[in-house]
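Each chain is listed here by its residues.
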Amino acid sequence: MRYLPLTTDDRAQMLAAIGAKSVDELFKDVPEAARLDGLIDLPRRQGEMEVERQLAAMAGKNIPAGQVPFFVGAGAYKHHIPATVDHLIQRSEFLTSYTPYQPEITQGTLQYLFEFQTQVSMLTGMEVANASMYDGSTACGEAVLMAHRVTKRKKAVLSGNLHPHYQDVVANLSDFGSYKLVTEPPCPKGTEGLAGEIDEETSCVVVQNPDIFGHVRDLSALAEAAHAKGALMIVVVPEIVSLGLITPPGEMGADIVVGEGQSLGNGLNFGGPYVGLFAAKQKFVRQMPGRLCGETVDAEGKRGFVLTLSTREQHIRREKATSNICTNSGLCCLAFTIHLSLLGEEGYTRLARINHANAVKLADALGAVPGVNVLNEAFFNEFTIETPKPGAEVIDALVEKGVLGGVPLSRLMPGNDEMKNLIAVASTEVNSDQDRAAYARALKEVLA
Amino acid sequence: MRYLPLTTDDRAQMLAAIGAKSVDELFKDVPEAARLDGLIDLPRRQGEMEVERQLAAMAGKNIPAGQVPFFVGAGAYKHHIPATVDHLIQRSEFLTSYTPYQPEITQGTLQYLFEFQTQVSMLTGMEVANASMYDGSTACGEAVLMAHRVTKRKKAVLSGNLHPHYQDVVANLSDFGSYKLVTEPPCPKGTEGLAGEIDEETSCVVVQNPDIFGHVRDLSALAEAAHAKGALMIVVVPEIVSLGLITPPGEMGADIVVGEGQSLGNGLNFGGPYVGLFAAKQKFVRQMPGRLCGETVDAEGKRGFVLTLSTREQHIRREKATSNICTNSGLCCLAFTIHLSLLGEEGYTRLARINHANAVKLADALGAVPGVNVLNEAFFNEFTIETPKPGAEVIDALVEKGVLGGVPLSRLMPGNDEMKNLIAVASTEVNSDQDRAAYARALKEVLA
Amino acid sequence: QEEPLIFELDSPGASGVDLDEPEEFAPRLGGVARQGRIGLPGLSEPEVMRHYVRLSQKNYAIDSGLYPLGSCTMKHNPRLNEKMARLPGFGDVHPLQPQQTVQGALELIDTLAHWLKELTGMPAVAMSPKAGAHGELCGMMAIDAALRARGEEGTRKRVLVPESAHGTNPATAAQIGFTVDSIPATEDGHVDVKAFKAKLGPDVAAIMLTNPNTCGLFERDIIEIADAVHEAGGYFYCDGANFNAIAGRVRPGDLGIDAMHINLHKTFSTPHGGGGPGAGPVVFSQALAPFAPLPWIVHEKGAYRAIEHEGESTGQPFGRMTAFHGQMGMFVRALAYMLSHGADGIRQASEDAVLSANYILASLKDVMSAPYEGPCMHEALFDDSFLKGTGVETLDFAKAMIDEGYHPMTMYFPLVVHGAMLIEPTESESKDSLDLFIATLRDLAESAKRGETERFSGAPYLAPRRRLDETLAARKPILRWQHGRNEPASKAAE
Amino acid sequence: QEEPLIFELDSPGASGVDLDEPEEFAPRLGGVARQGRIGLPGLSEPEVMRHYVRLSQKNYAIDSGLYPLGSCTMKHNPRLNEKMARLPGFGDVHPLQPQQTVQGALELIDTLAHWLKELTGMPAVAMSPKAGAHGELCGMMAIDAALRARGEEGTRKRVLVPESAHGTNPATAAQIGFTVDSIPATEDGHVDVKAFKAKLGPDVAAIMLTNPNTCGLFERDIIEIADAVHEAGGYFYCDGANFNAIAGRVRPGDLGIDAMHINLHKTFSTPHGGGGPGAGPVVFSQALAPFAPLPWIVHEKGAYRAIEHEGESTGQPFGRMTAFHGQMGMFVRALAYMLSHGADGIRQASEDAVLSANYILASLKDVMSAPYEGPCMHEALFDDSFLKGTGVETLDFAKAMIDEGYHPMTMYFPLVVHGAMLIEPTESESKDSLDLFIATLRDLAESAKRGETERFSGAPYLAPRRRLDETLAARKPILRWQHGRNEPASKAAE
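Residue numbers (the numbering used here), protein chains in the order written: chain Z, 1 to 448; chain V, 1001 to 1448; chain H, 2001 to 2494; chain F, 3001 to 3494.
Warning: the hint list may mix true and false statements.
Derived pair list, reagent style DSSO-like, types lysine-lysine, alpha-carbon separation capped at 27 Å [unchecked claim]:
id, chain 1, residue 1, chain 2, residue 2
1, Z, K320, H, K2476
2, V, K1061, F, K3365
3, Z, K61, H, K2476
4, Z, K401, H, K2301
5, V, K1061, V, K1154
6, H, K2476, Z, K281
7, H, K2157, Z, K180
8, Z, K302, Z, K320
9, Z, K61, Z, K189
10, F, K3476, V, K1283
11, F, K3157, F, K3197
12, F, K3058, V, K1028
13, V, K1180, V, K1154
14, V, K1302, F, K3058
15, H, K2157, Z, K283
16, H, K2431, Z, K320
17, V, K1320, F, K3431
18, V, K1320, Z, K61
19, H, K2388, V, K1302
20, V, K1320, V, K1180
21, F, K3365, V, K1302
22, Z, K401, V, K1320
23, Z, K21, H, K2117
24, V, K1061, F, K3157
25, F, K3431, Z, K302
Just a sample of chain H residues kept apart from chain F, beta carbon distances all over 10 Å, derived [claimed, not checked]:
id, residue
26, H2076
27, E2118
28, V2193
29, S2340
30, D2396
31, E2429
32, L2436
Just so you know, these hints were derived from the structure itself, not from any lab. Bear in mind that the values here come from a model prediction, so they are computed numbers and not experimental data. All C-beta atoms, glycine included, are put in the ideal place defined by N, C-alpha and C.
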């Protein structure tokens, strides 16, 4: 058993030191009825080569994004990640380190969390950010709960163009927390007006930018409308690369910004682990969920970092905590921070321009396919097309032609007829001219 | 330029500090006729994604050993390498460290070299080993030169069953060094008698075990015959896993043992980098080529390690050095040492048994194919088959059936008619029953 | 050499990537183009590499030393798992790709689900929770959903939680509107069954129990407790943080448990990563299984299918915990670990974890003080009575361990013991390693008793930093770097 | 905590791999089965992991700090290169696979060869040499082969080598039977052209020259030297160790060079790996090209072919340097680096390397002593005259750098300067990094002059080890661990 250092001799010696005759004695508190004498009906131990073979066989049944013209987005994006990122996050001292509760021997982790918080604040245009949440959707849910705490109100207004899965997560928390939720119907044209739903009971309005259809909007007026009623504006950023080119939510008046940070440093991973971004105005900091890293000094006066404001957290406050969360996405933050550090101001903003340019080229190419209509006026790296056939069928037919063409919106909003022929299409820096040409050609064939 | 930290501003400031108007001034000693004003006619800089694409396209044109039933050996072997090995050798502190000339800050490298030397000594049954050579073939060449130095004689006797490439390397060094070389013709039956060639002028006899045809032999009598004439016996071990099951050369009377260590910890890498093993009797240590790591103490009396006996080496002795070598295969040694440490006595000897068992099964399966004859009585994980068609044609036909079936001996010894229908076939722990069945089936079809 | 913040290494205009500016094109941003600079620093690749390598060198890690952390299992993380998680077929697939293009990914989730169900003896599992606390939330939501289905959501609002519970338990219950009622412990570290039964009633929704408990003991009356709560119409939530002590030897399903989360990183060795990401699948009893959240995987007609919406399959899912399928990266690692260990290895690992903890308890209880008689499960609990009168506090004792090359153990938890020190060596340590650790702790305990207080009060002396001022950090929070305020806090604070 | 040797961690019977014993079978070993134990230690995977992680932590590395090593270029090693070398199509192909199954591998070698030929302006390259010294051997063999072809191998046995040459130069020449004749240097650090010309004659086979030379200077008379040796019937071998100073700005082919090896790790950034593996391809002039060794790659009829034997193609190969194709792993890394940099980046890198060295020279020559006027090329040379009378030797000065967080520079080389200190910062360091290094060296130089000898004589104080007794190691060599002699040398030596 390659992972177990104790030998039979060791075990015998240790039992002798304990004064037990057998390991069974150590399990004597287990009720007899529940003791397993034999092995559970699962395979026995296997060597590395055998395990590799089995898992590689499963992996081989999937089509990786990097192997085909790939245009799937809707909350997770295929980007190119520099090799440096994966090398660094695999360093034993990062990968196998514990939560930095002992700051004297975890300054490495703490300093990158402090850098991460700063970067997230800068990108979103907000004053403070926490050390990450599980992912964008759960961050969104927590943001609504936080707004309720801050405003001491219990009603949230959700944009219908918020990612449907995010809506579900918020709905779930509201449901079990007995909060009120008003959700607008989705608006594929991107012209939704939310201000009318905001009243004196409203704690927050939640709006996504770019939204699930890819529309990019100026949210300043909405923020003013919310603030006029004493409500907060929560902005959800599903694609963090967009902030290299788009006015940050902070400048549009957002009070809380949440987002999905996967695009920087993190692979698609079939949905996880990702990295939830959470930023807010300084005055709300003590109502924030999640870990916070702060600067301080050590006994010799040297700068150092610690986890701080933990009086908000469950291990101190128990049932009075701001959230039950006791994990962040540590290693995913690190990947995010390293990737962004490599990019820098120049690289990050240029990456955003490349994404936008590629999406514009793709929109033009697909829009030129007979019968295809691009819905968006303004977008970043994702837009919605309307096709003469059902989107789900088109996507399946494209698979046969070796193209992963996007997300049929009917998959996210089944039962909504308006979605039937719509497809969300994303394009990033990984797409080449050949990829786009292959897509347009295949789409034309599929629709012919 | 992502690898270059200096900015245009930095460069200007530095030039100012130097007192130069331009970088061109710093190159003023270059004769004008040889100054390049423009760029060389090669592509300009490219981002990571573009470089990855180009190289992945090249890589995609090759058939990796892990993707097909694979039986190619003849001096390099496909083994399963535990994931731990590659993780550890990629640690920055190992990967990007310099030669340990400053022992105070390179104890990591030095200690694993000491461990490596000890492991190589143990496996070969020799008293001392150096910190590695480039590969098995160059180690073999250096061994012959060392034997000449030790015996002060100038003639070497080479087995005809020594790997032909190794023969070429030895011949090359002998040729330019004006030494005498007697090479026996190859003996596919493995019954070569070498003792008769050893005379009073002979410094050494060089014999490979298992030999190029896979034969395994007891070399004790040959050692006695060599020693009787005052000559040394050099044993070449092309597959280091074999020593888990075969009597070590040291116990057969070898004076110098060289070998290819690729099988432990190192990938096939299309032929390099590999790791040359070099072990000898203690009394010859001051005539050994290559780096040696030795134990010592520091100023506080603590155990430590240093490169030692460097008075043999070129940077001290210049034209009087034992060899011009000033590199070892540091990182490949590390991979070797980690893999062997993971295996341990139990794992290493069992791995050898698995290899032998798989080869025996394969020999039986191929021997059962009509017209195929297995030449070997005794072998480890490689043997030679005789086929009714030319080996090179058979191997090409097998490629069409998705099987990489071995090395046609005519490729190594062109022009020797005896080799025409022979194929060296290797089988390691990576070959499954299905692989063997696929080979036998394909071979039958090819020969039908 | 001190390592600056990345922002303090800025070379304006530099970048660690080479990207070509796109050809001229007409942007379609609808007037919301960003104006002005973001403020990100510019660095070349070698500078970024060196910065983070140097930062890493300030960290303690399981790869370089033992972690005696109770309730926060830190065990060996095999690199095979890392390699497998990076196979393009797992690491480079999108959660919304057409399902026919991700059959192997769905198969992996289904296979892992099978292992978890078999190991726990439970009929269903929700895979999507992103961490242990998220799993707790999922489990308690399922309980609430079941109560709704019975029409009792309005009446059953009380959840019983032992004093010794992890903080996440009460926090989770409270987050979705339950009130928390504390159950006392007996003097020997177990749930006080009598007191527990007295608290049962028609308003009780559930009990939340950790087993083995946070004192390192197996709740020997657990079946009685389960029966009692069921009889009273409530559900039994088990905090599965300590499942690694019993996996392969006891199945929670045989103990009457209705829901339990499994920390894949604690039990099945996905790396802790400096605080995440984790994964917290939740197994369910038959009673709760129908309410499991979306999505889940079914296998029918030779293909795998992800059920993403209510009505696509049987069941009354209570909703959705997170956007996609959960922590796929952790799933791959955990399954690689399980396949490697097998049924036999998993059982042996649990036994070795328990054996090692008992060995530590037996070897140290003469110099340190153990509040409860053994045998313990996978954690050995000590209290601070052996430090009485020495002037050394639990915290000082723990910090002194740093100077000896060890990460401190878990301190001041569980709360039911004064100055608690909870030690979990795990199955990953060799006997030599345990013996060295024991010898070090003996030496420290004797040193404390000899009154060598300086060794403790100022510790650590040999770490990258001396003790840090946490009060200052909380009083005047500095949560980000800012242009112009880039001198270290030491100066700013003067 | 000290880290024992792997042999001292033995748990007999343990293993870090799980392999199943093969089913019973009849071995066919012909009576040479090994008897008795080998003596290898048994360890589990976690123990092996921790052992080597801890060992690594005792190493200095370019990823964590600057290496000011002259003549041993230590520059940034991009991880892209590591990733590319591990693509299964490169890392998992066998050198004797059928050639139709490795077309991409042959293409890679051919592409790299093209880059090397273009960058050097030379018509041919031998790819197989395994390291710089191996490349020297290859180059000198080609020269000898050319002399044979002219029938002059018996008469031309003298090779001219400057005093300042790397030790490998004379060692290589001697290894294949040449006699070495030393050329003196001028006072300003160049080859004494007059003395050189005086040594030319009908018995001269070649000159071996390093350019830029080991004093960090470009041999400004190099074309005159080349012409002279050619006129005398000899060949011009250039040691290419310093090619990184001029790549993209000067082509050796334009200087009259006949053969030059290229250290891929020095110039094109394959990692040093603690002493290897390296790679030393050799470029050849038209005169030597026909004699290049086997194997080589040709491109014909749309396919690549490896020529493995004489007669399969044109040419009179002198033989074979090594078993297979050379260091493929290094080839992939070097090509990834070259493609990344491009023609423009390679030129810029050379310029930055030279600029940085001159910046160091300019910034330190007032406190340290520089034997030659600048400008230098990519290395700045200092001598020990500034230490005169301080009681501090070059070695002490260098060891004191360790305590400041730096690897020492190259010392006592080149031999033509007393107490030489050769500093090569490379193009990989930022200006901040250079400034910090300069400040540190200024401080040390001033400290030495102030007579703070203790700081130097006992250095290093802060490294994993204090100064090691190299004399003891050489006098009583202990080159391996042995059962029963496993106490540290400190005790054994008493």
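Hint check results:
With a C-alpha separation of about 23 Å, the suggested pair K320 of chain Z and K2476 of chain H falls inside the 27 Å cut-off, and the hint holds. With a CA separation close to 54 Å, the supplied pair K1061 of chain V and K3365 of chain F exceeds the 27 Å bound. With a C-alpha separation of about 53 Å, the suggested pairing of K61 of chain Z with K2476 of chain H is violated against the 27 Å cut-off. Distance check on the hinted pair: K401 of chain Z and K2301 of chain H sit about 24 Å apart at the alpha-carbon level, within 27 Å; holds.
Restraint check for K1061 of chain V and K1154 of chain V: not satisfied, since their Cα atoms lie roughly 46 Å apart, outside the 27 Å limit. Of the pairs offered as hints, the one joining K2476 of chain H and K281 of chain Z holds, with about 16 Å between alpha carbons and a cut-off of 27 Å not exceeded. With a C-alpha separation of about 19 Å, the suggested pair K2157 of chain H and K180 of chain Z falls inside the 27 Å cut-off, and the hint holds. Under the criterion of a C-alpha separation no larger than 27 Å, the hint pairing K302 of chain Z with K320 of chain Z is inconsistent with the structure, at around 34 Å.
With a C-alpha separation of about 37 Å, the suggested pairing of K61 of chain Z with K189 of chain Z is violated against the 27 Å cut-off. At roughly 13 Å between alpha-carbon atoms, K3476 of chain F and K1283 of chain V fall within 27 Å of each other, so this suggested pair holds. A hinted pair counts as satisfied when its Cα atoms are at most 27 Å apart, and K3157 of chain F with K3197 of chain F qualifies at roughly 17 Å. Distance hint between K3058 of chain F and K1028 of chain V is unfulfilled; the C-alpha atoms sit about 43 Å from each other, more than 27 Å.
The suggested pairing of K1180 of chain V with K1154 of chain V holds, with an alpha-carbon distance near 6 Å, which does not exceed 27 Å. Simply put, K1302 of chain V and K3058 of chain F have alpha-carbon atoms about 14 Å apart, close enough for the 27 Å limit, and the pair holds. Of the pairs offered as hints, the one joining K2157 of chain H and K283 of chain Z is violated, with about 33 Å between alpha carbons and a cut-off of 27 Å exceeded. Straight-line distance between C-alpha atoms of K2431 of chain H and K320 of chain Z comes to about 42 Å, which puts the hinted pair past the 27 Å bound.
In summary, the hint linking K1320 of chain V to K3431 of chain F is not supported, as the alpha carbons are separated by about 42 Å, beyond the 27 Å threshold. A C-alpha spacing of about 61 Å is found between K1320 of chain V and K61 of chain Z, which places the hinted pair above 27 Å, so the restraint is violated. At most 27 Å may separate the alpha-carbon atoms for a hinted pair to count; K2388 of chain H and K1302 of chain V exceed this at roughly 38 Å. The straight-line distance between the Cα atoms of K1320 of chain V and K1180 of chain V is roughly 21 Å, inside the 27 Å bound, and the hint therefore holds.
Distance restraint check for K3365 of chain F and K1302 of chain V: the Cα-Cα separation of roughly 38 Å exceeds the 27 Å cut-off, and the hinted pair is therefore not satisfied. A threshold of 27 Å between alpha carbons decides the hint, and for K401 of chain Z with K1320 of chain V the separation of about 68 Å lies outside it, so the pair is violated. Simply put, K21 of chain Z and K2117 of chain H have alpha-carbon atoms about 32 Å apart, too far for the 27 Å limit, and the pair is violated. A threshold of 27 Å between alpha carbons decides the hint, and for K1061 of chain V with K3157 of chain F the separation of about 47 Å lies outside it, so the pair is violated.
For the given pair, K3431 of chain F sits about 25 Å from K302 of chain Z by alpha-carbon distance, which is consistent with the 27 Å threshold. Non-interface status of H2076 of chain H relative to chain F is broken: a Cβ of that chain comes within 10 Å, the nearest being about 4 Å off. Chain F leaves E2118 of chain H outside its interface by the beta-carbon criterion, the shortest separation being 21 Å against a cut-off of 10 Å. Interface exclusion of V2193 of chain H from chain F stands, the closest Cβ pair being 39 Å apart, more than 10 Å.
Listed as outside the interface, S2340 of chain H is inconsistent with that label: its C-beta sits roughly 7 Å from the nearest C-beta of chain F, within the 10 Å cut-off. Against chain F, the non-interface label of D2396 of chain H holds: every CB pair exceeds 10 Å, the least being about 21 Å. Listed as outside the interface, E2429 of chain H is inconsistent with that label: its C-beta sits roughly 8 Å from the nearest C-beta of chain F, within the 10 Å cut-off. With a least beta-carbon separation of about 8 Å from chain F, L2436 of chain H fails to lie farther than 10 Å from that chain, contradicting its non-interface assignment.
In summary, the numbered hints that this structure violates are 2, 3, 5, 8, 9, 12, 15, 16, 17, 18, 19, 21, 22, 23, 24, 26, 29, 31, 32.
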